[in-house]
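Starting from the structure of chain A, add chain B where the hints point.
What follows is each chain in one-letter form.
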Amino acid sequence: MSRISTLLARETALAWGKGGGPMVAVGFYAGVATLLPLAVGSEPERLAAIAPGAAWVALALAALLSLDRLFERDYEDGSLDLLTLSPVPLEIICAVKCLAQWLATGLPLALAAPVAAIALGASPQLSGLVIACALLGGLAFSFMGGIGAALSLGARRGGLLTAVIVLPLFVPPVIFGGGALASLDSGLPWKAGFALLGAYTAAAVALGPLAMAAACRNALS
Amino acid sequence: MIPAPAFLSNPERFMAFSRWAAPMFGGLAVVLAIAGLWLGFAAPEDYQQGDTVRIMFIHVPAAWMSMFVYACLGTASFLSLVFRHALADAAAQAAAPLGAAFTALALITGSLWGRPMWGAWWVWDARMTSVLVLFLFYVAYMALRAALDDEAKAARAGAILALVGVVNLPIVKFSVDWWNSLHQGASVFRADGPTVADVFLYPLLLMALAYMSAFGSLWLVRIRGEVWRRRAEALALRAARA
Numbered sequence: 165m166s167r168i169s170t171l172l173a174r175e176t177a178l179a180w181g182k183g184g185g186p187m188v189a190v191g192f193y194a195g196v197a198t199l200l201p202l203a204v205g206s207e208p209e210r211l212a213a214i215a216p217g218a219a220w221v222a223l224a225l226a227a228l229l230s231l232d233r234l235f236e237r238d239y240e241d242g243s244l245d246l247l248t249l250s251p252v253p254l255e256i257i258c259a260v261k262c263l264a265q266w267l268a269t270g271l272p273l274a275l276a277a278p279v280a281a282i283a284l285g286a287s288p289q290l291s292g293l294v295i296a297c298a299l300l301g302g303l304a305f306s307f308m309g310g311i312g313a314a315l316s317l318g319a320r321r322g323g324l325l326t327a328v329i330v331l332p333l334f335v336p337p338v339i340f341g342g343g344a345l346a347s348l349d350s351g352l353p354w355k356a357g358f359a360l361l362g363a364y365t366a367a368a369v370a371l372g373p374l375a376m377a378a379a380c381r382n383a384l385s
Numbered sequence: 354m355i356p357a358p359a360f361l362s363n364p365e366r367f368m369a370f371s372r373w374a375a376p377m378f379g380g381l382a383v384v385l386a387i388a389g390l391w392l393g394f395a396a397p398e399d400y401q402q403g404d405t406v407r408i409m410f411i412h413v414p415a416a417w418m419s420m421f422v423y424a425c426l427g428t429a430s431f432l433s434l435v436f437r438h439a440l441a442d443a444a445a446q447a448a449a450p451l452g453a454a455f456t457a458l459a460l461i462t463g464s465l466w467g468r469p470m471w472g473a474w475w476v477w478d479a480r481m482t483s484v485l486v487l488f489l490f491y492v493a494y495m496a497l498r499a500a501l502d503d504e505a506k507a508a509r510a511g512a513i514l515a516l517v518g519v520v521n522l523p524i525v526k527f528s529v530d531w532w533n534s535l536h537q538g539a540s541v542f543r544a545d546g547p548t549v550a551d552v553f554l555y556p557l558l559l560m561a562l563a564y565m566s567a568f569g570s571l572w573l574v575r576i577r578g579e580v581w582r583r584r585a586e587a588l589a590l591r592a593a594r595a
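Note that the protein sequences, when read in sequence, are chains A and B. Quick note, in my numbering, the first sequence goes up one by one and the last residue is 385. Quick note, in my numbering, the second sequence goes up one by one and the last residue is 595.
Chain A with its partners taken away, still in its complex shape (with noise of 0.2 angstroms):
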């Protein structure tokens, strides 16, 4: 157990600090959520039918900006050679890098999440909600995308695979908070939308790491 909450502290260490972290997620949460009403347009009415899964979508692209150091960094520098040999399970390594992402990046940002939606027009009884499901999706998205990361490990250009290979990924819960939020927003029963990310979620977190670390295997052997 020591040696996972280690292994935790050094990767959120890692994710937190050095070039990145919280502050160019939310950062660059906030251009995207900026340029949305100067290409929209500013009408409030307008803005406000879409701020809730506008502010939704700029989050999933977020999340997609720092999972090229989810273990590109570890490979090149041979960290991820050492990590392989340790006694912990490779895919619990996967699960741990994931967890210290999601701490990292998908936590500040779903604390972001309700001011830019409430910026673009959105009714503030939405922001539970949409705290709920930046937290769970955030959550799938560290874990979906941390496969494509795996899976573009030494390929060339892999930043830009990785989106190719990870944006089909994040349809379902795109969708589920999408049609929760949408749904909250109507007046209509939300739950099911909730329930589905939350479905969804959880199958990302139980078997993303399965794949994640049979990527890692393949890049390395």
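Some hints here could point you the wrong way.
As the list claims (entries may be wrong) - So, partial list: chain A residues that the calculated Cβ filter (under 8 angstroms) puts toward chain B:
| # | residue |
| --- | --- |
| 1 | Leu-315 |
| 2 | Ser-316 |
| 3 | Gly-318 |
| 4 | Arg-320 |
| 5 | Arg-321 |
| 6 | Val-328 |
| 7 | Ile-329 |
| 8 | Leu-331 |
| 9 | Val-335 |
| 10 | Val-338 |
| 11 | Ala-375 |
| 12 | Ala-378 |
| 13 | Asn-382 |
| 14 | Ala-383 |
Simulated from the structure, these hints should not be mistaken for laboratory data. No residue lacks a Cβ here, since even glycine has one placed at the ideal position from N, Cα and C.
Just chain B now, kept in the frame of chain A:
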């Protein structure tokens, strides 16, 4: 294990089998397509959709194939990942562009059909979106394989991605139920029998069989090509070493 892959897993037997099976499937596909199109054009106009209903004979089988080919890709990837079988990997690699082509055909004909029927080239409903996502999965698979230089690594990374993508197939089906949409619900594979009239159903099934045969033929041809390419590469390496 499934008998057919077991029999064909021997490369020599596969090459002997595919040598005559590929042209045979191809010929069968041509015959079936001619019959299906003939019946399709002979079918009366639909009372609601008029002549545009004939797009169905091209569109619906392509949409079925887009999912069927992904299932083939997933199965081949599984066999290649578990048994490390080179032929299974060649099969997966060969299936991906074919599946992407069927998916693109389904999307394009669907768009052409949607314009006169719904008044829009594209509607963001559940099924169309899921087929688009399926297309993106094919693209991601091919991009990943192309980006990795080491062929053995590319094969295994691709197989992992294909298996991750298999999760997407049930969601394609599921999302139709979750989202109420403009798109027609399932009308052929239903518990109470098909709701399509026989005059439309027979050409549709003939076309589906034609697509299936065409895929079988092209798949075998592409696997043979891949086997030969690898053989040629191995020979070139051996010649370079000598």
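Structure-based check of all given hints:
1. Leu-315: holds (5 angstroms)
2. Ser-316: holds (7 angstroms)
3. Gly-318: holds (7 angstroms)
4. Arg-320: holds (5 angstroms)
5. Arg-321: Given a least distance of 7 angstroms, the restraint on A:Arg-321 holds.
6. Val-328: holds (5 angstroms)
7. Ile-329: This interface hint holds because 5 angstroms falls under the 8 angstroms limit.
8. Leu-331: holds (7 angstroms)
9. Val-335: holds (5 angstroms)
10. Val-338: Cβ of A:Val-338 sits 11 angstroms from chain B, so the hint is violated.
11. Ala-375: holds (5 angstroms)
12. Ala-378: holds (5 angstroms)
13. Asn-382: Check passed: Cβ of A:Asn-382 comes within 4 angstroms of chain B, closer than 8 angstroms.
14. Ala-383: holds (7 angstroms)
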